[in-house]
Amino acid sequence: MTRRKRDNRTAFFFILPWLIGFICFTCFPVGFMVRTSLTNRKLNGLSKFVGLANYRNMLKSSTFLNSLKVTIMFTIIMVIVTTIWAIIMALLLNRKQRLNGIFQFCYFLPSVIPSVALAYAFRTIFGKDAGLLNGLLGFFRGAPVSINWLYDKHTVYLVVFFITLFTYNTGQMMLIFRSGLSDVPAELYEASDLDGATNTQKFFSITLPMISPLVLFNAVNGCISALNGSFALLYPLTGESGDPNGKTQVLSLLIYKEAFSNMKVGYACALSVALFILAALFGIAIFAISKKTVYYEN
Amino acid sequence: MGIKSRKRSEEIVLYIIKVIVAVIMFTPIVWIVTGGFKTLTEFTTSGSIIPEKATLENFRYIFVNSDIWKYLRNTFILMFGTTLGTLVSSSLVAYPLARMEFRGKNLVFGIIIATMMIPNIALIIPQYIMFGKIGWLDSLLPMIVPAWFAYPYNTFLFRQFFRTIPRELDEAAIIDGCSRPQLFFKVLVPLTKPIYATIAVLSCVFWWNELTQPVFYINSDRWRTMTIALMTSYMYTGGNTFVINWASIMAAATLMIIPPMILYFCGSKYLVGGIKTTGLK
Numbered sequence: 002m003t004r005r006k007r008d009n010r011t012a013f014f015f016i017l018p019w020l021i022g023f024i025c026f027t028c029f030p031v032g033f034m035v036r037t038s039l040t041n042r043k044l045n046g047l048s049k050f051v052g053l054a055n056y057r058n059m060l061k062s063s064t065f066l067n068s069l070k071v072t073i074m075f076t077i078i079m080v081i082v083t084t085i086w087a088i089i090m091a092l093l094l095n096r097k098q099r100l101n102g103i104f105q106f107c108y109f110l111p112s113v114i115p116s117v118a119l120a121y122a123f124r125t126i127f128g129k130d131a132g133l134l135n136g137l138l139g140f141f142r143g144a145p146v147s148i149n150w151l152y153d154k155h156t157v158y159l160v161v162f163f164i165t166l167f168t169y170n171t172g173q174m175m176l177i178f179r180s181g182l183s184d185v186p187a188e189l190y191e192a193s194d195l196d197g198a199t200n201t202q203k204f205f206s207i208t209l210p211m212i213s214p215l216v217l218f219n220a221v222n223g224c225i226s227a228l229n230g231s232f233a234l235l236y237p238l239t240g241e242s243g244d245p246n247g248k249t250q251v252l253s254l255l256i257y258k259e260a261f262s263n264m265k266v267g268y269a270c271a272l273s274v275a276l277f278i279l280a281a282l283f284g285i286a287i288f289a290i291s292k293k294t295v296y297y298e299n
Numbered sequence: 005m006g007i008k009s010r011k012r013s014e015e016i017v018l019y020i021i022k023v024i025v026a027v028i029m030f031t032p033i034v035w036i037v038t039g040g041f042k043t044l045t046e047f048t049t050s051g052s053i054i055p056e057k058a059t060l061e062n063f064r065y066i067f068v069n070s071d072i073w074k075y076l077r078n079t080f081i082l083m084f085g086t087t088l089g090t091l092v093s094s095s096l097v098a099y100p101l102a103r104m105e106f107r108g109k110n111l112v113f114g115i116i117i118a119t120m121m122i123p124n125i126a127l128i129i130p131q132y133i134m135f136g137k138i139g140w141l142d143s144l145l146p147m148i149v150p151a152w153f154a155y156p157y158n159t160f161l162f163r164q165f166f167r168t169i170p171r172e173l174d175e176a177a178i179i180d181g182c183s184r185p186q187l188f189f190k191v192l193v194p195l196t197k198p199i200y201a202t203i204a205v206l207s208c209v210f211w212w213n214e215l216t217q218p219v220f221y222i223n224s225d226r227w228r229t230m231t232i233a234l235m236t237s238y239m240y241t242g243g244n245t246f247v248i249n250w251a252s253i254m255a256a257a258t259l260m261i262i263p264p265m266i267l268y269f270c271g272s273k274y275l276v277g278g279i280k281t282t283g284l285k
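The listed protein sequences derive, respectively, from chains A and B.
Numbering-wise, the working numbering comes out as the position in the first sequence, counting from 1, plus 1.
Numbering-wise, the working numbering comes out as the position in the second sequence, counting from 1, plus 4.
Since the hints were derived computationally from the structure, they do not count as laboratory data.
Just to be clear, a hint being listed does not mean it is correct.
No farther apart than 30 Å at their CA atoms in a straight line, the calculated lysine-lysine pairs in the BS3-like style are these [what the hints assert, rightly or not]: (1) B:11 x A:6; (2) B:74 x A:97; (3) B:190 x A:6; (4) A:97 x B:11; (5) B:74 x B:137; (6) B:137 x A:265; (7) B:109 x A:203; (8) A:129 x B:57.
The following residues of chain A were derived to be distant from chain B, with all beta-carbon distances above 12 Å [claimed, not checked]: (9) 54; (10) 193; (11) 234.
Cβ coordinates follow ideal geometry from the N, Cα and C atoms, glycine included.
Just chain B, same shape as in the assembly:
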């Protein structure tokens, strides 16, 4: 076999592997979406991926029998409250770390790196008690308020990005009589819009998907988010608590996949770019 035909067959094999991996990775999503259009009977008796007779009944069921609008509203409040908070606070904190000299800078940066390594879940019980004492349980406050006090991870990302802008710019602006806050808001922020967009996209995806903190902090229906609703509200068919209503769960899950999918299409530049920035030290 000549080198050319060997190269060609190699390409074909590679292509086939790519397709197989794509099928494996995409199967759960297809399973969720088609599952939403199956009847419950079909879902619980047949393992076929394509619905025999597509029905919209499940979607009607979740809109009629649950407060889905309320859950969506709560999720959006959570998503926007935390994202706005982290954009403002993390970028403010990152500014002096990236572009100023001051006493204790290394110490602060060291602590920020170290706290990035603490898994949230290890501190969630003491935080639960603490928030209970100030009456914040069963609301979105335990999640939104901390976001306004700079997450270490996002601060780190902002710092990395701010460092790429030449420092001479600051010097020039200061000589022109610009104060540090003016410099930050009028010069740096407009120049670094991409990193704001990136962190906004990452944060929105994170909070849209977040299950752990709502499970700990929220126990009534009032502030339930979509992720908890998926675990509780559609779980059982009306009247019969022993039959899990899988078809409705899949329909609700289908609705939940849509926003991240849209974010991928519109913001893939930011999503991909942001994740790559994290890898470059």
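Just chain A, same shape as in the assembly:
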């Protein structure tokens, strides 16, 4: 046997675990999902072929359309907000000052604690009667404040996007930006100092272009984790119906509700197909945008 052939065979055995996993836990579920989405399968397993009825119902359902809108909005705004916040924290930490280690600890620690603990902390911090925020506002105003931050349709997004600043993804992005910032050559800043550039000018014409590949990487990652992680954050925060009034009901919450509370597994599979397609579209969109804007150093 030639070495090349032997290598092919050895490589195959090394790859085998992935191949089995890919077939059993990715390919098969995808096929099964599409097939089940064409049935009216219930949670107890009874099912009958119904053709495209689930998809027709889905497109007619105002709950689904609302959820689709919420998911797209949530994903886009969360990626933007958390990326900006991560850049701000990375810039702050990039300036060497005393106690930087402690600052990094404080900035990063919230991202490694369980999202359910975080959700409960914020449910009470933004609580109506004994919440920390209302308490603080009351203290400054001199009169009690009782805003129900999470159940008021005007404030709920404000609160939810604020909370996304504390998720794992934000901490991860911050660390990636930090390593990126320390790789920006100092000569570029020195040269611009001689030209009398302001800090803002330096940021937009040196720092941002230099870290743009990382911004792209983080945006891709951020999209996946917004689609994926929103369940673990919003389920303990606003419940499966996405209170108030479906305002925070992202697709993953709707899938859970349809499958387990309404026991319509076939319909939940149709929703999963929609989520799958949405994730693919986000991926394509980001790469299309990045082709125009990202600067790669050769």
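Starting from the structure of chain A, add chain B where the hints point.
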């Protein structure tokens, strides 16, 4: 104002901003920990962050009134089962991708990158039905078993790291009569311990915190993990199902923060290093 004093005031402003951001980021953690020491009455009537009269009652309550040891045991089984599995399988798969030439290599790598983009949650319902058919629901198996078949993301990390080790090493070992498996276990693994430690830390943090999959797959008390216990077991005070027992939830949440915090202190090198590797393509 001279340049020097302008620089100095700039430094001070920056420092103040740093402190404010630190306070914002750390507030929820302080709120959780102090909340665990408040009485329920105080928690539900006052918005102050420092407990008036610290009590250990909540901690006693969760140890006496719930099977917390069982939930902890389940979480540890889940954490170690998945982490061990992903370390073994992902590194094996990453090896030929990083250091061998074989037919279909680009195709395999392409598929791995593409599957990294699929959100898990989109496939969880078909997987739920599938695991139901083979009788794995309400156990930790639907989470532990897939971990033994190489997660794309970890495979990608291993591959990136394996590529940094010079390939001449392999050539030399092969000339000495070393087989590929021997090469992997005796040469490469000992050389790449940091990436194993990194992925172990990241995986432990992930599974300690994981809520989504246990919520879907586990419905009885038997295999309940800490994250689900936090959502269900401490939710209500005994007898009264309308009062949420926030103080106990905060006490349990305090206990849940400790392991990730320890991992940060002991493994921050790996935690930070691993996350940075992901950014470097």
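Right, here's what the structure says about each hint:
no. : hint          : in the structure
1   : B:11 x A:6    : violated, 66 Å
2   : B:74 x A:97   : violated, 45 Å
3   : B:190 x A:6   : holds, 23 Å
4   : A:97 x B:11   : holds, 14 Å
5   : B:74 x B:137  : holds, 27 Å
6   : B:137 x A:265 : holds, 17 Å
7   : B:109 x A:203 : violated, 43 Å
8   : A:129 x B:57  : holds, 23 Å
9   : 54            : holds, 17 Å
10  : 193           : holds, 16 Å
11  : 234           : violated, 9 Å
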